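Given chain X, work out where chain D should sit, using these hints.
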Amino acid sequence: MPSLTELSLTEMQTGLREGQFPSRELVQAALDRIDSLEPSLHAFLHLAAESVLKQADAADHVGVTGQSPLYGIPIAIKDVLTVDGMPATAGSKILEGFRPPYTATAVKRLQDAGAIVIGKTNTDEFAMGSSTEHSAYGVTHNPWNLSRVPGGSSGGSAAAVAARLVPAALGTDTGGSVRQPASFCGVTGLKPTYGRVSRYGLIAFGSSLDCVGAFGRTAEDVAVIFEIMAGRDPLDATSADLPIESPSTSLHSAQGRGLQGIKIGVPQEYFIEGMQAEVKEGTQAAIAQLETLGAEVCEISLPHTEYALPVYYILAPAEASANLARFDGVRYGPRAEADSLRDVFFKTRGQKFGAEVTRRIMLGTYALSAGYYDAYYGQAQKVRTLIKRDFETAFEQVDLIACPATPTTAFEIGVHKGDPLSMYLEDVFTLPASLAGVPGISFPVGFDAKRLPIGMQLIAPHFREDLLFKATHIYQQATDWHKRKPEI
Amino acid sequence: MRLSLQEVEHIARLARLELTDEQKARYRGQLEAILDHIAKLQELDTKDVPPTASASAEKLPLRADEPRPGLSKDELLKNAPEQADGQFKIPPVFE
Chain X
1 MPSLTELSLT EMQTGLREGQ FPSRELVQAA LDRIDSLEPS LHAFLHLAAE
51 SVLKQADAAD HVGVTGQSPL YGIPIAIKDV LTVDGMPATA GSKILEGFRP
101 PYTATAVKRL QDAGAIVIGK TNTDEFAMGS STEHSAYGVT HNPWNLSRVP
151 GGSSGGSAAA VAARLVPAAL GTDTGGSVRQ PASFCGVTGL KPTYGRVSRY
201 GLIAFGSSLD CVGAFGRTAE DVAVIFEIMA GRDPLDATSA DLPIESPSTS
251 LHSAQGRGLQ GIKIGVPQEY FIEGMQAEVK EGTQAAIAQL ETLGAEVCEI
301 SLPHTEYALP VYYILAPAEA SANLARFDGV RYGPRAEADS LRDVFFKTRG
351 QKFGAEVTRR IMLGTYALSA GYYDAYYGQA QKVRTLIKRD FETAFEQVDL
401 IACPATPTTA FEIGVHKGDP LSMYLEDVFT LPASLAGVPG ISFPVGFDAK
451 RLPIGMQLIA PHFREDLLFK ATHIYQQATD WHKRKPEI
Chain D
1 MRLSLQEVEH IARLARLELT DEQKARYRGQ LEAILDHIAK LQELDTKDVP
51 PTASASAEKL PLRADEPRPG LSKDELLKNA PEQADGQFKI PPVFE
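Protein chains in written order, with this note's numbering: chain X, 1 to 488; chain D, 1 to 95.
With the rest of the complex left out, here is chain X (with noise of 0.2 Å):
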């Protein structure tokens, strides 16, 4: 039998289930693979090493059940997403030390499966970024390539997942931060719908976009987690009162018909000048393999995607600016040494955010600010709709739609600093999926020459995650792609 760290999040289902080892071999495989490759990689900020085998004692003592399907097995949350019990500091020097006392809804419902926190994953502070590197605790390192950034924000979850660290991570995606780590890690990662998930106990960025997603090694241990964290909750009032298929159990079925019947459009929009060559080709083979598949492909226009970079630059950081007013250094987190209440919110805040959450800050604020409320976010908002009429035509004519994930492979740490927009535009083909509020998945179709994976995006409509798992599915069982692993 392979090491235990090498199975897939249904493989170890299946292993725990027929008694082939218990939780606690399972969980301590984790922990050892992450005390030898965490110093190479800091995927981590939080672990919880002593907690963890208590709980798969625990499991192993009660056994598997019916109601328990993640019974045992390990996984990892990003840092933006409260667990009871765990600091939560969102990558930021503001949180420092800060100890939610209440879970997330979407790691509550995991847990009440049985899956056991092992511990919570780098991210650029408060969600903001495309590489870890505004993280204040350090940079993650890409597994298949050390001095890569592994993409971000929840570059850490993907991290973990692609150096099988973990089996399957929690993220974050407001513009991209679950499919563009994903996409430069070589796992699969799902941004649900807008409202398919609950924020409650998620680190509010920008409110009207932000959704809690998942990574794993293949479309199946995606749905897995997805359908057990989805659905309505009354925390949170923007959460979807719809039925969740089982798409984890469907695929199954779906597989003999391949893609038959399933048009999909590709935006030529999505193919630009400057992206690299080799995630052109690679994006454009992998369409071809769903052709091949039974589906029927045709090229389709969404012509108001160059736009969706400054909508987002400004409706991102507008609600940034108000949801990161609460952190004054008056009821959590450190508060700067100040004789009066005014420098304590100056001081506090000047000193504990880092540079890239201060720029958005300032961009939001100016953006909402009297004079420039019209032309600035009442201009994006408007903007915003056009972007979504654009999804809404394409998928009368379409059911899916296919692209590359980011104009790139990973690229090097370091080489954005001091240039914030060269680093926003790394998010070109994920932010307008963002902010129609549409679920995409990414997973692995090649690698380049530098034997960095290549990313493709799949969109579907509203709610129609179910089409993004079958699809990915189909492809993943007749390619190999995400079943190649970085030499670490």
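Think of the hints as simulated: they come from the structure by calculation, not from any bench.
It should be emphasised that the depicted structure is a prediction, and the values quoted were computed from it without experimental measurement.
Keep in mind that the hints are not guaranteed to be accurate.
To be verified - From the derived model, a few chain X residues whose C-beta atoms are all more than 12 Å from chain D: (1) G15; (2) A113; (3) D241; (4) G256; (5) I262; (6) F271; (7) Q284; (8) S301; (9) T348; (10) A449.
Unchecked claim - List of simulated lysine-lysine pairs, DSS-like, C-alpha gap at most 30 Å: (11) X:K280 to D:K40; (12) X:K388 to X:K347; (13) X:K280 to X:K417; (14) D:K73 to X:K93; (15) X:K108 to D:K40.
Here a beta-carbon is modelled for each residue, glycine too, at the ideal position from N, C-alpha and C.
Coordinates of chain D only, in the frame set by chain X:
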């Protein structure tokens, strides 16, 4: 798009951020570059386009507004940098 130093200071004041002179100069240049890119939005005629405030595709259900148990006072205070008499303690607001 040009931003004056005074505008940068005004934004920082609105956002309650104490910045060094070096930071002000740096953010000024970076914000100018970002605003130049964002100016692209002015190309579009949006006279008859309604704004989108949320990505929600659904009509959001409301719940009954009924009191229910929440976090205890102790749980809420345990992360406070300073507390006294079961309350958050802050420096004086008025002299």
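Legend entry - Violations among the numbered hints: 3, 9, 12 and 15
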